[in-house]
Every structure is written in structure tokens, then in C-alpha cells.
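Two chains, two frames, some hints: make the complex.
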Amino acid sequence: MKLRVGIKYCGGCNPEYDRVAIVDHIKQSLQDEIEIVRPESEDVDLILAVNGCSTACADLKFFEGLKIHTITNMEDSDKFIKVIRRN
Amino acid sequence: MPMMTAEQYEESLRRLNMVVHMFGKRVKNVVDDPIIRPSMKAVAKTYELAHLPEHEDIMTAKSHITGKRINRFTHIHQSIGDLVKKSKMGRLLGRETGCCFQRCVGMDALNALSIVTFNIDEKYGTTYYKRFLKYLEYVQENDLTCDGAMTDPKGDRSLPPHRQPDPDQYVHVVEERKEGIVVRGAKAHQTGAVNSHEVIVMPTIAMREEDKDYAISFALPSDAEGIIYIMGRQSCDTRKLEGDTIDRGNMLFGGHEALVVFDNVFVPWDRVFMYKEYDFAGQLVENFAAYHRQSYACKVGVGDVLIGAAQTVAEYNGAAKASHIKDKTVEMNHLNETLYCGCIACASEGHKEPSGTYNVNILLANVHKHNVTRFPFEIARLAQDIAGGLMVTMPSDKDLRSPETGRWLEKYLKANSDIPTENRMRILRLIENITLGTAAVGYLTESMHGAGSPQAQRIMISRRENMQEKQRAARKLCGIEES
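Residue numbers (numbering that gives the first Met the number 0), protein chains in the order written: chain E, 0 to 86; chain L, 0 to 482.
Simulated from the structure, these hints should not be mistaken for laboratory data. Computed from a predicted model, the values in this text were never measured in an experiment. Careful, some of the hints might be misleading.
[As the list claims (entries may be wrong)] Simulated crosslink set (DSSO-like; lysine-lysine; CA at most 27 Å straight-line):
1. LYS351/L / LYS60/E
2. LYS81/E / LYS1/E
3. LYS61/L / LYS66/E
4. LYS133/L / LYS351/L
5. LYS60/E / LYS24/L
6. LYS60/E / LYS67/L
Extracted from the complex, chain L is given alone in its bound form (with noise of 0.2 Å):
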């Protein structure tokens, strides 16, 4: 089975045993839990759209290690043109959904660990990259939703991992055994976490001799036995369990995040990747973090997403002639395609690793984050102003549909008269889905955080700016000679 249908991917997620809990209980159903089923709903489309014609140039690949042909998210990059994919399967991804999908993390983590394993094992003379060959057709034949786990709860942040007053801050190895290891601690801010079938674990920080024990990269069914799922709060979340409304504002989709504890949970070692080899963890931590800076191109689609809605809002309203509405649907364009350009820039000036793996241009996959920390949050502020105040202080759906007040709401939120009112309410708490509800933990703060805080991009510039070179040549465009 190379390739999951999304009606098999919601099956094989209904086969899995997860300890997830949420609002103090256990979900005992997670797939038809109506808080998280639109997230599941947006994992799935990752799997729809590789089987339609329309979308497989973009959203398949041809396996390197079999020759099959397999989902995009579980292949290795093996050219410049698998990079510029990735990136615009990010936008068509982000555009069909409205948020967030989810499963470019475990894509991410997957081709970072195909070129550290490679290295480890060129300084050390160990076999991870032969180990994780193999897992990696395990997942690409089973077509696998993997969750890409880097970020640790970090605890007091100016202390190391081994210096931390509780040592489970970071995960860490905390026993060894002639099977394998055994692992605690725990992973926060896990997108698609509970949708997926893996968790890929790996160190979140650059690591000295001291910390070694936290130096470790390993992966373990999602189910696996001390796996702890507790799933995070979104603004309006709550909106889902009333039902179809249209207060829900996307209707269809949605994202999740869960703070993920490892219990004292064994891995077996042909699961290890990475094992206490500390001077590896930071580059590890940084191919990751670049892949995963140039997969926010799927903030491009939600871009789309939104200008359009603003867009459609303004002809409601009948304010789409106005030169001011004119301009700022232009600036937000503006914006969102200059976010297209870093992610395909990145991609397009991406090279060969030795493993044969092709990276991103690490400098220009964190200007593109860098300005996904900006771009979405003044699109949604353009929105907004777009949209008018009606997106926040409009009456609930159940309003449109009492006979005692519905007539009222029919009457007074009529704008343009070719618009039914209902229209009109559809398209503004889509905005607000987008700009301050369930989406806006997708569009705005992940934006922000995601992939690293805006500092993490700050310092990556720095290390990568080159400004030797940018000094050479202007000391020699007006005189100043070497010395």
C-alpha cells in the first residue's frame, strides 16, 4: 500500500490505542471527537489530493530507496525540484484547507535525520543511516502521518539541559538496556500530534559533553506504551461542539497542537538514530529547523485564503470600489507573495548534502520565516479593517435562525442586496476564524513561534549573512585598498 486513500488514513488512525486527554478527561474516540476531527479532516487531505490528477504532480513522489510511487510527505528530497515542490504543495495545502495540516513537520524531521544520520556515521563509523533507511520505507510503504517532535518544555531557559533543577525538562535517555533505551520527559506545542501514526523525537538545542544524555533522535509508534497526549486550548474551540453553525467560520478543517509526555517509554534500537552523539545534536537541530522554516509557505495558502475572503467581504458590503479597499487587498498581495518568493527562493538555491539528500538554502529558508513572524499578522490586521467591526460583535447563528430574532438579524446585517444575509455572516466569521479563532493559532501565533521564535531566524542571519564579502566589495567600489 503505497498510498494511503483519506477514508484509509481515518482508519488507520482508528486501529491506533492513544492516550489522549482533553478538557480533564480522556478522549476515549479521538477521530470523532468533534474538537479534533476537523484537524484529522486536514490530515486527510494530504492523502485525498495525492490520489486526484489534478494535484499528484505536485503532491507525489518516486521513492528513492523502492522506486514506487509515494505522498510527497514521506520523501527524501532528491533534487531542486522536489525542494520547489514541497514548497508549493505548502501553498495548495494551505489554500485547500485554511489552516493548518499538519504533516509537514514528520516530512521536515525525516529528511533532516537522512542527512545527520549519514554524518554520524561518516565521523563515528555507526549504522543509523542503514537504520534509518529502514524505517523510512516503513513509513513511506505504510504512507505514514509522522509527528516531527523537537521543542522540550526547556524549563529555566538559562540553564543547559543538565543543569535544569528537574532533569526532565529536555527528553533524555534514563536507562539502557540490551534491547534499547528508555526515555523520559516531554515535547510541547506537537502539531497534528495526535493524528499521526509516528512520533519522530529529536534534540532541541545544540548540546555539549554534559548534556550527552539528552543528545538523543528516536522514533516510536504514536501509541507506544508511556506516550501521554494532552491536547492544547484554541480561542473559540469550543464553537465546534455546537455543531454545523456557521460560527464555526471553516467549516470543514482545523489544526491542533498537544503537549506530548514521554512516560518512561522504551525504544527499541533499530529506532534510534541518534544516541548521546551531543556534537551532532545542534546540526541536527538546524537542517530540521530550516526545512521546517521553508515549509511555512503553507502560510501563503492561508494567505489566499483570507485575502480572498476579504476580497468577498468588501463586495458584501459594497465597498469593494473604494480606492482604500483596492489598496490594501494590494498591499496584502504584496505580502503574501513576497512570503511566496522566500519559500521558493530557499528551495531554489538548495544544494546537495553527502548523503545525496538536497537541503534548503539555510540563509534564505529563515529570511522566509523570518517574515512569516511579520507578513500574516498585518494581512490579518488588513482584513480586519476590511472586514468592519461586524466580524466581532455579530449575533450567533442560532440569532439567524430564531423565528424571534432571526427576521431581525435578516434586515439589519443586509448589506449589498444580491447578498443574503447569511452569506455575509458566513464570510466574516471566516475572518475571524482566520485572524482570532481557531485558525489564528495556525495563521498568526504559529507564524510567529513556529519553526522558532523570530530570534531563532535572527541569529540564523547572523551566523549566515557573510558580511565579509558584502564588505569587500564595497571597499573596493570606492578606493580602499587590502591590506
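Just chain E, with the same shape it has in the complex (with noise of 0.2 Å):
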């Protein structure tokens, strides 16, 4: 079964590379293993929130007891996708 993995952005106001392009290369490098839904879903099992810059200033506060994996630059990125598929 699938991970289900809601994002959940910042607002992009400044952000230091293309947070959508990212989740996008996240997308299909763990397309077997994640499904990705609206952070706000039912049953979600992770809140990715994909943060512009180190400010990381996505609001979070919806999601608390969840567990959340922040990323806020490209190499994040790929240390999640390292994170889902060592588990």
C-alpha cells in the first residue's frame, strides 16, 4: 500500500528554487512507493511541507500530532526521497 503524503507549500513568496518542479521529481522518483493527496485529506500518513527557504514558514498548524517531513531546498528533496525508500 501506498504512503499517502499530503503537501503542504509555503506561499512562495521568495523562494530559492522551484518548489513545484520539485514535488513534481518527487512525484516520479517515488511514484511505487508515495500517493500524493491534499495535506488536508483523511488518512494521510505524512505532511511533506515544501518550504521556499530555510524560513520555512509554511503553516503547519492544521497538522499537529501528524508526522511531518519539512524540506527547504533541492538536496532536501532528495534526502526525502532517500528517508521513503530506506523505509
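Spelled out as C-alpha cells, the structure:
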């Protein structure tokens, strides 16, 4: 069964990389392992907070109690892919 | 319908019956007019981004009156975080559109009124705040764009409103009826006026008792009977009539301003938010101005575009590695990020007003806007320096397409051999657009005079500079005893 990952973006005021492209890259890389869903969806297994910079201001109040993985740069996305594959 | 899509917004404008004039003629189809339409598309971007997951965190908020998710442009700031997000939203939209997206002014009017209507009620026992909240809910529920109309024509600047030879130089009440009031006058430089569903009118200066007929604030549907819009011209505006040519610079978006005339317009009482409480006119002006000076965060986003364009043309010209070019782009970024510091600082140092609305730090908002009256001009100068003179001597798109001349332009306007000549022309036209074309209205002259001219900020800085504490600190360090 695929892991249901809710993508929660920051607002993207001044991102240091293309957040949407990175999510597409993650989606393609992990197409057999994860299913991308809206973050407020029921039965979400993990929230992936996609921040455009290290300020990491994505509003995560709604997701208290859920497992959250935060990325703030392109390298973080590869780390996330490795973590998911390892598990 | 808490949040409209861009398409719904456009359709909603088609239902309005506004009286708009341009180039001496009535504009019958405002939405599709080629001069006006790019400005409508810029406002539409504020609707579009609110529906995108990658921007909703900034572009939306939770209404404090209904609890519903709303477009941030209709939101009353409930925290420091809201104020910071407003600044960030400005940068985002400035970068997305490369021009003025026009919707901030209505948001700033709503927030200022949320403070001042409450304060008037506290002093006089009136019910403006309740009336305002009902109106706000209407705006939020219908996701409306509001024109915040402050600047009167002002006539003879040495005279107060009541002493003007022409009493209509400031918007004023001319008749009071059981059902409402009749107003007359005009508002100048109204950004985005014909892309707005509503127009919110406020006084333009602090007033005394003699001017109480001018101390009025109210809201009207933008197509209310008696409102006439006369569009302002912009440098190079008729290039938009030439079709999708590269000579437009910004192929997608633009801004607009209009002179808005109120020719004996009836305003029902439930849309009146200040009526002759002249002692609050100054407070409304000050609060609106502070919010709107924060709103010049948008110029950071336009600056991002201009810096990106300057770097791109440097690469196209083959000059990007030159040390002086690198130094100039560093300077441009330094100035642009300094502007960003100001709009974030005035938000971060904000405070809660008695009504519950969060307000910016007024001193820092004025400092920020004062920087905006200067830095974009230097950024533009550096962009033109990097671009080179071709930006203003370049032949037209039609010459590039012409079988007779196109090959010469392809040959002689080529720089970096890897870059198509057309791309070089496109990026030069974009720099031209922002620094001396239609978008220069927003990026330069609006930066100078919008939300108050430089002197207005200097007056506010002088009022809030807290000189006594600075002097006390100096005296203490050098051993001067306090008397």
C-alpha cells in the first residue's frame, strides 16, 4: 500500500528553487511508494512541508500530531526520497 | 462563494455597467479593451494564485467574522503573522505580474476603516463599526475587489477644503436625505478603479470643524449612478493596440489609473462609515497611509523581475562576466532587499489596535515607503546601464518580421551567438517597459507619489522619530546629568 503524502507548501513569496518542480520530481521518483494528496485529506500518513527557503514559514498548525517532513532546498528533496525508500 | 476564480472574477466585471471614458470616447466593453485588459489580468492573478496550493498559504486567510477561508485581499489582519504575509504577498504578486496588481489599496482601506470606525464609535456612541463589519462580510463573501479612493484633486494646495473657490475639489456631502447622503467631487490617480467591484472613499487630509462636510467615508458599487471614470494615459500605452508584439515588453500584464468623478452620487446610510466626525479624518488618513506604504512591498517583486531581466540581457550581450556588471547587479539586489527589509520590519513590529485589527509600525512603514521613493529609480538606472542604448534605439517587432528588414535585424542585433536575436529584443523591451514604458508608471512614478509623496513620509518620520529618547541616550553616555 502506498504512503499517502500531503503536500503543504509555504506561500512562495521568494522561493530559492522551483517548489512545484521539486514536488513533481519527488512524485516521479517515488511513484511506486507514495501517493500525493491534499494535506487536509483524511488518512494522510505524512505531511511534506515544502518551503521555498530556510525561513520555513509554511503554516503547519492544522497538522499538529501528524508526522511532518520539512524540505527547504533541493538537496532536502533527495534526502526525503532516500528516507522513504529506506523505510 | 468565499473565493472567486480568475475566470469568475472576469465574468463578474462583465456584469458591471461602469461609465468609463478613454481617448475621448466611452469604452463600451471595458473587460476586453486592449489597453485596459492587461490590468484586469493583473488583478485576476490575485484570484488565480489564491487557488494554487503552492501560494494559498500567503494568498488566503481565515475570516475573523465568518471563519471561512477567504482571499487575503479581503482580510482584516488578526496577527503579526498576517501583516508579514501581506508584505510577502506583495512581493509574490509583483514578481508574478511585473506591474501593479491594484488590489492592495482596497485591502488597506478596509483595514484602516476597521480601526477608525471602532474608534469613532468609542468616542461618539455611533454604530459605524457594526455597519462596517456587515459591509466587510459582503466583500468577503463575494470576494470583491475594492478601489480605496483617498486622493482628492485638492485644487489650491494653500487652502483647506472649505475655502476652495470650487467646493468640489474635495469630495463632500451636498445633500442629506432620510435614506442616505448625496456626494460630489472626484478622486484622482485611482489605481485599478475600473477593475473594481466597489469603491471605498476616504478623506484625503486631516480636517477641522469648518471642513466637516468633507469628513466623510463611504462605499459604493463601482457602477453606481453618477460615477464616471476617465482613464489615465501611460507612456507607450498604444503599443497594446498593436497586438501581441514584443514591443509591449510585458506580454501579459499591466496597470491603470483613472480620475473618478462623483457627480451627485447617492450613498445609502448603511454604506456610510464616517459622517462629519472631522476629528477622525486625520486618523483614517494616517492609518490608511501606513498600511498602503507597507503595500509597496510589491515593488520588491517588480524589482526581482527587473534584476532578472538585467542579468539576462547581460548574459545575452556577452557581458555578464565583466566585474562592473557583477557589481551593478549586487547593488541592485542590495537596494531591492533593503526595500524588503522595510516592509517585513514594519509588519513584524506591528501592534494590536483597540478594534482587534493589527496595524503596522507606522514609523517603519513610512521609512519603507520613503526608501521606495528612491531605490527603484536607482535600480532602474542600473538596469538601463546594463541593458545598453539599444533598449531605446531598437527597431520594432514589425521590422523584425518584415521580409525586407528582418534579416538585417537578425544579423546586426545578434550578440551572444547562442541566443536568438528575438529573445534579446524581448528582454530589452521588458526593461524598457518597466523603466520608461507603461510599467514605469507603477515602478517609478507610483513609487514616488503613490501612498503619499516623499514629503508626506518625512513629515510622519519627524512626528515619530522619538528624538527625546535619542538625546537622553547621548547625554547619558557623555556624562551630562539630567536636570
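Item to check | Hint check against the structure, violated hint numbers in rising order | outcome: Hint 5 is the one this structure does not satisfy, whereas the remaining hints hold.
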